[in-house]
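Chains as they are written, first to last, in my numbering: chain A, 94 to 746; chain B, 16 to 193.
Please keep in mind that the hints were generated in silico from the structure rather than gathered at the bench. Everything numeric in this text was worked out from a predicted model, so none of it was measured. Virtual Cβ for every residue (Gly too), placed ideally from N, Cα, C. There's no promise every hint is true.
Simulated restraints on C-beta separations [stated by the list, open to error]:
#1 B:Asp134 with A:Val248: 22 to 30 Å
#2 A:Val650 with B:Asp101: 55 to 63 Å
#3 B:Glu118 with A:Ile244: 29 to 37 Å
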Amino acid sequence: MIPEIGQVTLMGALLISLAMGILPLIGAYTGNQRLMKVGQTGAIAQVFLVGGAFIMLTWAFVVQDFSVEYVARNSSAALPLIYRYTAVWGSHEGSFLLWELVLCLWTVAVALLSSKLPDNFRARTLGVLGLLSSGFLMFIIFTSNPFTRLIPSAVDGLDLNPLLQDPGMIIHPPILYIGYVGFAVSFAFAVAALLGQRVDREWVRWSRPWTHIAWAFLTLGIALGSWWAYYELGWGGWWFWDPVENASFMPWIVATALIHSQAVTEKRGAFQNWTLILAITTFSLCLLGTFLVRSGVLTSVHAFAADPTRGVFILTYLFVVVGGTLLLFAIRAPAMVRGSDFAGMSRETLILVNNLLLVVMAAMVLTGTLYPLLLDALNAGKISVGPPYFGTLFAMLLVPIALLLPLGFHARWQADKLKRLAGELALPAVVAVVGGIVTAVFLPSAGLWGIFGVAGAFWIMASCLVYYRNRLAARTGNRPSRSETGMILAHFGVGLFMVGASLTNPTSEEKHLRMEAGDSFELSGYNFIFEGTRMVRGPNYVADEGELLVYKNGERVASMYPQKRRYNNGQVMTEAALDAGLTRDLYVGLGEPLDETGTAWAIRLYHKPFIRFIWIGALLMMAGGFLAASDKRYRRAIAKQPARNSGMAEAPA
Amino acid sequence: MIGRLLPVIIFLGLGILLAAGLKIADHKTELPSPLIGKQMPEFALPILGREETIVTNEDLVGEPFLLNAWASWCPTCRVEHPVITDLARSGKIRVVGLNYKDEKADAQAWLARFGDPYDLTITDISGRTAIDFGVYAAPESFLIDSNGTIVFKQIGMMTPEVIETEILPRLEQWSKSP
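Looking at chain B on its own, in the form it has when it is part of the complex (with noise of 0.2 Å):
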């Protein structure tokens, strides 16, 4: 009988491990990228419209903001636009193009055909910055705090509950204990 049931035991332990491997998934799902919790990369890109005046990342230091890389040639951010531009509206946070592997008539086009919400654009034509930034799609965003920390990262499409769940409540924490 014992050896009968030699391949029940063998399973309930094999059982035991995937439900366990399965509880290890539910944390590691969001592989958090390496840069979470790091300074934002090094930088110097000029600005979209205002190409003669370059912007680095120290100067976007000093107060928290969502960057969030786009390109016109990316179905997915005309889709998440009006949630990018309902966040930028709201004015509880700066928000900041990352123009992505572009050509500039494009991008501008699009700002004028689906609207402008940023506070500014930078324009990264090469892309090397968005590499920099771990950006592997468009769209992505990264929320940054006031010392230029990156503290979350959206991959792919922006949505009304990552800002609620994600954004707002770290803004708020934010301006309660500066």
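In isolation and in its complexed conformation, chain A is listed as follows (with noise of 0.2 Å):
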């Protein structure tokens, strides 16, 4: 019965998502009150509604509801509690449904904290997303329904994806689903512009706080999966240039890109079109990732579930959305906005050149991603493309964004001189080259990129500290606010990134060996001592787990324990074993046993220094997104009246 309600449930939030999407938008062109305040109440119904479809498609999980084919597809009787919750989002429909709910949550905070901005404007934005969201409900209820009975009912379910029953599958979705849909924010608050023909800044400065908490979240997101697929695929690499991976990082370029030029926006005035254009791409490739993942078009490591039928149905979504969006761009972007003139060296330049780049970037991991279907649509045969292409070209785009992005917040606004800057800058440089020549001198197995990077990273991060130094020992003007820490903070994060970024893959140390019990290799100084295998019994699979102690220096450092294990449902799966270190992380897999006795194993041994920095610095980057979000500007600014209508950005403030 429960099953039955929740998609009566979903009909009804689709019908007032479609009352959301019309009303508020008639209303805020006619000037009628009413039919705008629908947006807020029709946001509150709706998150309560998807809400309640989601929990009691939880409930089907928990109870075991094996008559729901959903179910009976990703849970199995023996499946461990905490991953019934989890397995709510492990395939197709519940992935979907998770979506929709968080969008409903994004908009229903879009509705309870936007009271100070005008009506018609809140109007627009709210009906944007009711718009949005009553696609993604048509697309649940008639494709993907995930309360679709099964009959007769299954005795016991086919198990949830091995691959997924880990800790870190239980926060990864969800917080990538966050930040992606986060961008229906943006990108709401940036059709809400066009229609009403607000070419201000205000609107920028409104959408702001919402574009960093929705890239705080992706950059947590991202970093998360590339945590999980690092020690639960057990290839030891951090990033694949897989198209699943790249369809969440190439939102996240644009929407680099975005942050920086809503800066300008808000700040100056300038680039008013890079930012609505941003806006609009960034979702748009958020909703692409979406119909790439799940439509079958490319084929992927992750791609649990996929199904051409459904990829129709996105790719009309995608056509009507983008499409339509940039349609309404072309006829209402504002014919020639200029914000106040900047001279050739200036923070907007700089800021410009960056975006380019990061623009550009987003192009070549696009293109790569779709080239292998390019060929394939024009039958000139089946390729893959990997990372000899993706890492070299990421690389290139790398240095001229690491040397130029100092320069970037040391920069002033307007108008700035070289000297000055060059001023300021030279004790980074002199950290950077001594950083470099430390790396080559201690590791010299770093290589070429290794060294340039190390260097590239301490002039980043010197200038971050240089920059903080100077805004805190300055007599005049105010303390920091929290958006300068914030930044400061991310750009920290970047280099501690590029640390371990170039780092890890050339001083890494990896072996496939054959191993028996009482056999000993040593890998950098580390000597792994194989003590043999035992079984063990989960909950849904039984596990040959491997011992090995690992001594350094005569004294034992760790003791792990790999496991190669097989699910009632016959799949195998490896579970690697790993010591994390700030500065080294010791990773060990379990291979095939080679013999019938099972005493010698292949045995995977990797030594991987740095690793640990990518996901600190990815971690720090996030944590800048929600400092700068929670600057007290924004609040001040939304709380302004909404009278003021500037119109035309006119002089800097």
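Hints in hand, dock the two standalone chains.
In structure tokens:
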């Protein structure tokens, strides 16, 4: 009975979202207050209905209702309780329900926190969000109903994909979706601005904290995904340029450009069109990512649920939403908004260059991701584009970005002198050179890329510290705002990330060995002793568990227990053992037994220096995003009377 | 104006590419197993319950049959078991079991409990033959024609729809043009 109620609830949510998508827009057009109000009430009703449906699906998992097809496919009687909760988004139907729920949560947050915005702007924003939601609800109801019954009911379920039976999977998809879907808000603000022809700086200021929060969540989501792939896929890599990873990385790159562009538009009035188009592109890439992951167009290790018939629906949705918005942009975009002028050497110019580089990077990832598809469509054969392409181009583009990055925040708005900048950045330049030399001397295996990578990272991090010290020491002016602190924190994170990214790959060592109980092997100064394996039984799997003792200079530093699991549904999974440290990870994977008696095993040993820096850097970027979003300025800005309609951007404030 | 239409134009190009991709995906979703159209792999394995008898791939050539890989530890096999049983009882095709990575006693207890529809069950304790067949999880079923060629592979649970749409039509065709 409950699944049927869930289905009806979703239909109710669809009706509400349609009302929400149409009435407030009409209201904003005609100036009808009551119609505009539908946006707020609709957002609240919608979140209750979709949330209710989500809880009902969760309930079906918790009580193991195998008469629901989705539950039977993604759960089993032996599945531990915690994974029954996460199995809700373990596959296609539930993922979309989660997507939709997250969209409803963002929408209701906008509805509740936007009371100080002008009524018509608020109505348009909520209307756009309502329309987006109704499209997704139709998709769920008509093509991917999670509540479909299985008749006759299954005795037991097929079990959750073992890859997803992992703590990382509990949080990775929700966090990633919060980020993805959050850009629907920046998108809705941009569309509302276009619809209302508000070509001013106000809407950008309103939209900025939302963009920051979505970006911070997306950063965290991608980092968690990378971390999960690292320890769960068992290959010891942290990024694979897999289509699904690219699908989340493209919006991230463009969103990063958007954040910078928004800063310029808000502060200086320039780059209005850039900001609009980047806001639209970011969300479009989120939709494109969803399409790529869910349609089966590209094959990927992550494509757990792919179905081309659903692809048609998502593609249509993509066409309507993105095509329609871009057309709106073509018609309505402000013809020529002149912000205040800026010189060739100014923060504006540097941010513009940064944006161009980021957009080129996103285009590069997009091309690489879709190139196999293009060739396939032209019948030119099946290929796959891999790390050699992406890695090389990414590194090439990262060089100018890293070089210019410190100039970007050290430079003054409007105009600056190269001489002044050189004075400020002399110290970081020295630190960078020293960092590079130290790396070359103590870690020669880092290679040229590694050495220059570390130098670049030190250049960025030292510039951050110098900037912040100067700001704290300044006699005049305010203390650094949260925006500024957040900005510095995030850029410092970029530096840490670069340390990890440039050192890990060249300095890692790995060995694939045949080991019998009692064998030992020395890798990068660590002595691994294989003690043999034993059988262990988990709730829904049996596993061979190896034991390795690790010694360094005669002292035991770790005991590691890699597993090879066989789940009840027959799937086999490697569970790598990790010994994490700030400057290095030890990583052991258990391969196949190599003889009948099970004493000899294929074992992979890895020593991965500095890999933690990658995720620590990402966490700092995320923290910077949240901190910047919490700046007082945004709250104060919204608290201002909306009556002040500044029209075209005027002189700098 | 042209400049501002540029994003739409780029997007349309992208959209057409994606639509084309979707058309391709329609054909390629069921990634054909590389073994389809090939001879079944060689094996020589004992028969469950009659371990002194060894059956080889050549012994099975001559009449079409369905090879169903199963194991007592596999819950899905239990779910599909009635479907396999119905097919075997209908007499339309010989059904051969491939007991995969299992214990003999468990397998026999399982058949005693749920019924034994198999003409014979090949025991593949090491799972090596199953690997040769490309089995990566039980259950999987292979339709093999009278020449010993694998013509169809069902990954996962056998369903009445698959029998209706994939297996019976092929059997009919074979009976018409032997």
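- Is the hinted range of 55 to 63 Å satisfied by the C-beta distance from Val650 of chain A to Asp101 of chain B? holds (59 Å)
- Outcome of range test on Cβ distance (Glu118 of chain B, Ile244 of chain A; 29 to 37 Å): Distance hint for Glu118 of chain B, Ile244 of chain A holds at roughly 34 Å.
- Message: Taking the Cβ atom of Asp134 of chain B and the Cβ atom of Val248 of chain A, is their distance within the range 22 to 30 Å?
- Response: About 25 Å separates the Cβ atoms of Asp134 of chain B and Val248 of chain A, which means 22 to 30 Å holds.
Every hint, counting from the list given before, is met by this structure.
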